[in-house]
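Visitor: What follows is each chain in one-letter form.
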Amino acid sequence: MAYQLNVNGKAMTADVEPDTPLLWVLRDTLGLVGTKYGCGIAQCGACTVHADGAPIRACMTPIEVIGDAKITTIEGASALPVGARVQKAWSELDVAQCGYCQPGQIMSATALLSQNPSPTDDDIDAAMAGNICRCATYVRIRAAIKRAAGQEA
Amino acid sequence: MGVISNITEGFSPSRRAVLASGAAGGLVLAFSFAGKGAAADSLAKLNAYVQIAPDGIVTIVSKNPEIGQGIKTSLPMLIAEELDVDWANVRTVQAGNDPVAYGRQFAGGSMATPLHWDQLRQVGAAGRAMLMAAAAADWGVDAASLTTEPGVVVHAASRRRATYGSLAAKAAAQTAPELSSLKLKDASAYRIIGQPIPQVDTAAIVTGQPLFGIDMRLPGMLYAAYAKAPVFGAKVASVDLAAAQGIKGVRKAFVVEGGTELDGLLPGVAVVADSWWAAEKARQALNIQWADHPTSSQSTPGYAGQARSLTAAKGGKTLRSDGDVEAALAASAKTVEADYFYPFLSHATLEPQNCTAHFHHGKMEIWAPTQLPEPGRQLVATTLGIAPENVIVHMTRSGGGFGRRLMNDYMVEAAWIAREAGAPVKLVWTREDDMRHDFYRPAGFHHFRGGVDASGNITAWANHFVTFGEGEATARSAGMAPTEFPAQFLGNYKLDVSMMPLGVPTGPLRAPGSNAIAFVVQSFIDELAHAGGVDPVEMRLRLLGNAAAADGQGGLNAERMAGVVRLAAEKAGWGKTTLGPRQGQGIAFHYSHLGYFAEVAQVAVADDGTVKVEKVWVAADVGRQIINPVGALNQIEGSVIDGISEMFGEITIKDGQVEQANFDTFPLLRIHDAPVIETHFLKSDNPPTGLGEPALPPVVPAVTNAIFAATGKRVRSLPLKASELAAG
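Protein chains in written order, with this note's numbering: chain A, 35 to 187; chain B, 43 to 770.
It is possible that part of the hints are untrue.
Capping the alpha-carbon separation at 30 Å, the derived lysine-lysine pairs in DSS-like fashion look like this [to be verified]:
#1 B:LYS613 / B:LYS725
#2 B:LYS763 / B:LYS696
#3 B:LYS277 / B:LYS405
#4 A:LYS180 / B:LYS657
#5 A:LYS44 / B:LYS290
#6 B:LYS657 / B:LYS763
#7 B:LYS725 / B:LYS225
#8 B:LYS227 / B:LYS725
#9 B:LYS613 / A:LYS180
#10 B:LYS359 / B:LYS696
#11 B:LYS376 / B:LYS359
#12 B:LYS356 / B:LYS696
#13 A:LYS104 / B:LYS290
#14 A:LYS122 / A:LYS180
#15 A:LYS44 / A:LYS122
#16 A:LYS122 / B:LYS225
#17 A:LYS44 / A:LYS104
#18 A:LYS180 / B:LYS654
If you want the footprint, here are the derived chain B segments under chain A, 3+ residues with CB under 8 Å [to be verified]:
#19 227-233
#20 388-398
#21 607-617
Source of the hints: derived by calculation from the structure; they are not laboratory data. Heads up, the beta-carbon is just placed ideally off N, CA and C, and yes, glycines get one too.
Given the sequences, and given the hints that come with them, work out the whole structure.
Guide: See the structure below:
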């Protein structure tokens, strides 16, 4: 079935089965491989994208429920003022080790700072608890969020 | 042919031949050293690390796989330093698998730094010498009268200057110098080494560009799912291939006979489809019945029962026996006897195992996130009956390694399926596949007996280690060295080993051996310290003071270790910090991968037994030079949290199968549980060594020792169980 999608501000079409998770539509059908597969059961957050600005786990979101929601992926993050700031902080602190989880981390952090420009440590914990970093770069993830928020750690 | 430029841009043989002919118009350092002896032999394999374009942009090859340890940045830094170029003008590329050109290429053992510290600086210095020789010839001056500034050769007397870009073509025609003749920079002159340099792939990572194996895309590529038996190595008894083939998008479903080696191609059923989702859905419809298998009765409780029997039997093979342990125990003022256990663990790389393969024109071309490409190439060649020279392996960035990708099982599966499919195929494992088909950190059982004298000094140490293996063969990564501390530091020391058979594949997990041994050894030292009424730091310094036979084979340098123990204790305010109720500090040290690490953990244990690690102080001696501080600190912080994470999870076996399948049952530590980490380097006058692993082992016993300090409860079995640490 053909689905009309709005991804990173562009109209796109995907001819896929209705139960196909958004993750695999992005990766395999649309070629946007920045969004990662980690667990398939919304436990790790590597697949985090935005639907109308809110973070969702693309691995458990079937394409048939997307409707006309505007999807933003890591490839479109720099077009968001907050996203660009988060990416800059991530680069300046060199947060990543292997880097595999970081697109999901950045999308979760961008959603957090878009809704809450001055998060406390507890706010950061709550917003980022769904994103696993297997390399455990959590110390820098926290510092980068604070830097992007203009609060130097 | 790939869509991903940064993956396919590796130096394939054909491309290197073009470069070596000088067609690129720049300098290619193609070394060929005909020296003799072991060191010269490995150097003889050096080839084509550096290319300088006329505009001065320097391209440096990183030979080893990048798995998050930062090697794609730190190895080129060594070359760039001695080449004397501005880092802003350096581009790095990932080498392909090419042992002829680059020697051994692997990510393991934290060995990249010690193996390449001298070699790659010499590679850079050789390039600089050739550039200076080219300028000397141009100007008719003695090369010895020349100096360099980053990217420029300078003749001070005549004030002449020439950029590397302008000299590159002529420099390529110079004879490569003898590496041993090159004078390397004094550390005080470093411009790149020691600077905090961000990873070269950072921009691509934060913008989601294709980098990883799983991101690979080829024209006409199909997707594969592969179902294997939950009991390792069981064969397919029956399967409904038609059910899978009826699903939209499925191209092919077929049984793979496979073999019996657990690190090779195992039996299973492959589904190839137009999309991975279609392949995975079809795989769920296969209704596979698996044949009976001899290991299907194995279980975690079963191993524990066997271990109890083997421990009680007091048998085992004696690996080391110094002095007279029994007599010393009998004469001790106090003795302690304790059984320790640690579980199987999964690597759980966040990027599940995957591989892309394309069989074309008689060649098998592979793109793999692997830590060890050459054995993978050989495995593919042997299993598929293809000549090794017709198997080409491109290394992609890996979404974590931790030792998992030292095995190449996914590579041989992808190659087999791609050949059967007759098209390029990307095989992607599910998380469940990944967690249930790992090479697990082996579980282990230790029965300790130790004694202290009236002054609290350790008099004797006996360890009966029950592990896995059959006959003379220990299961992979399940052994223990007879030199492991405190061997050589105690007059009366004994290590016995018993083994039981295992149907579960095991393998190295980050700091293999050490990640378990440090826990039991450093915990039992703590037990003896408390039995003897000696402060745990003081007990460790006393033990290290017994360095009669220290620094022997496999042994450690007691002075370096004592240095980091004192530093960690000092920074943590050991014995001087006021702690609340159910709050405590613990210390531990461990030597592995040539690194000396002591760590103090501070924990708070809630009344319900929940453990919160509040802070960890790390003291490290990895030699005189930190190559890239920004990467070094990241590795240490990651290792510390990784070690803590490993204390909360376990892999268990039932009916020969792994019971856990995903992060809901095998949890990884999350941001709210990450402690504050404070790292201090103790610079010693030794060559720099690696940081991918050695910070991990000591944190585990530092935490359990801190739990004892906080609660009076000794953790002798992992994972931590809140119910056993609750108040009251």
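Visitor: If a hint holds in the structure, say so; if it doesn't, say that too.
Guide: Status of the hints after comparison with the structure:
Between the alpha carbons of LYS613 of chain B and LYS725 of chain B the distance comes to roughly 16 Å, so the proposed pair stays at or under 30 Å and holds. Restraint check: the Cα-Cα separation between LYS763 of chain B and LYS696 of chain B comes to about 20 Å, which is no more than 30 Å; the hinted pair holds. Proposed proximity of LYS277 of chain B and LYS405 of chain B is supported: the alpha carbons are some 29 Å apart, at most 30 Å. Taken as a hint, the LYS180 of chain A and LYS657 of chain B pair is honoured in the structure, with Cα atoms around 20 Å apart against an allowance of 30 Å.
Between LYS44 of chain A and LYS290 of chain B the alpha-carbon distance is near 28 Å, which keeps this suggested pair within the 30 Å criterion. A C-alpha spacing of about 20 Å is found between LYS657 of chain B and LYS763 of chain B, which places the hinted pair at or below 30 Å, so the restraint holds. About 23 Å separates the Cα atoms of LYS725 of chain B and LYS225 of chain B, which keeps this hinted pair within 30 Å; it holds. A threshold of 30 Å between alpha carbons decides the hint, and for LYS227 of chain B with LYS725 of chain B the separation of about 19 Å falls inside it, so the pair holds.
Our distance criterion of 30 Å between C-alpha atoms is met by LYS613 of chain B and LYS180 of chain A, whose separation comes to about 26 Å. Between the alpha carbons of LYS359 of chain B and LYS696 of chain B the distance comes to roughly 29 Å, so the proposed pair stays at or under 30 Å and holds. Straight-line distance between C-alpha atoms of LYS376 of chain B and LYS359 of chain B comes to about 27 Å, which keeps the hinted pair within the 30 Å bound. For the given pair, LYS356 of chain B sits about 27 Å from LYS696 of chain B by alpha-carbon distance, which is consistent with the 30 Å threshold.
With a CA separation close to 28 Å, the supplied pair LYS104 of chain A and LYS290 of chain B stays within the 30 Å bound. With a CA separation close to 12 Å, the supplied pair LYS122 of chain A and LYS180 of chain A stays within the 30 Å bound. Between the alpha carbons of LYS44 of chain A and LYS122 of chain A the distance comes to roughly 24 Å, so the proposed pair stays at or under 30 Å and holds. Proximity of LYS122 of chain A to LYS225 of chain B is assessed by CA-CA distance (about 40 Å); at most 30 Å being required, the pair is judged violated.
A distance of roughly 9 Å separates the Cα atoms of LYS44 of chain A and LYS104 of chain A; the hinted pair therefore holds under the 30 Å criterion. For the hint pairing LYS180 of chain A with LYS654 of chain B, the CA-to-CA distance comes to about 23 Å; that is within 30 Å, so the pair holds. Coverage of a stretch by a chain is defined here by at least three residues with a beta carbon nearer than 8 Å to that chain's beta carbons; for the stretch 227-233 of chain B and chain A the count is 0, and the condition is violated. For the stretch 388-398 of chain B, the proposed coverage by chain A is satisfied: 5 residues have a C-beta within less than 8 Å of a C-beta in that chain, meeting the threshold of three.
With a cut-off of 8 Å between beta carbons, the stretch 607-617 of chain B has 0 residues touching chain A; three or more are needed, and the interface restraint is violated.
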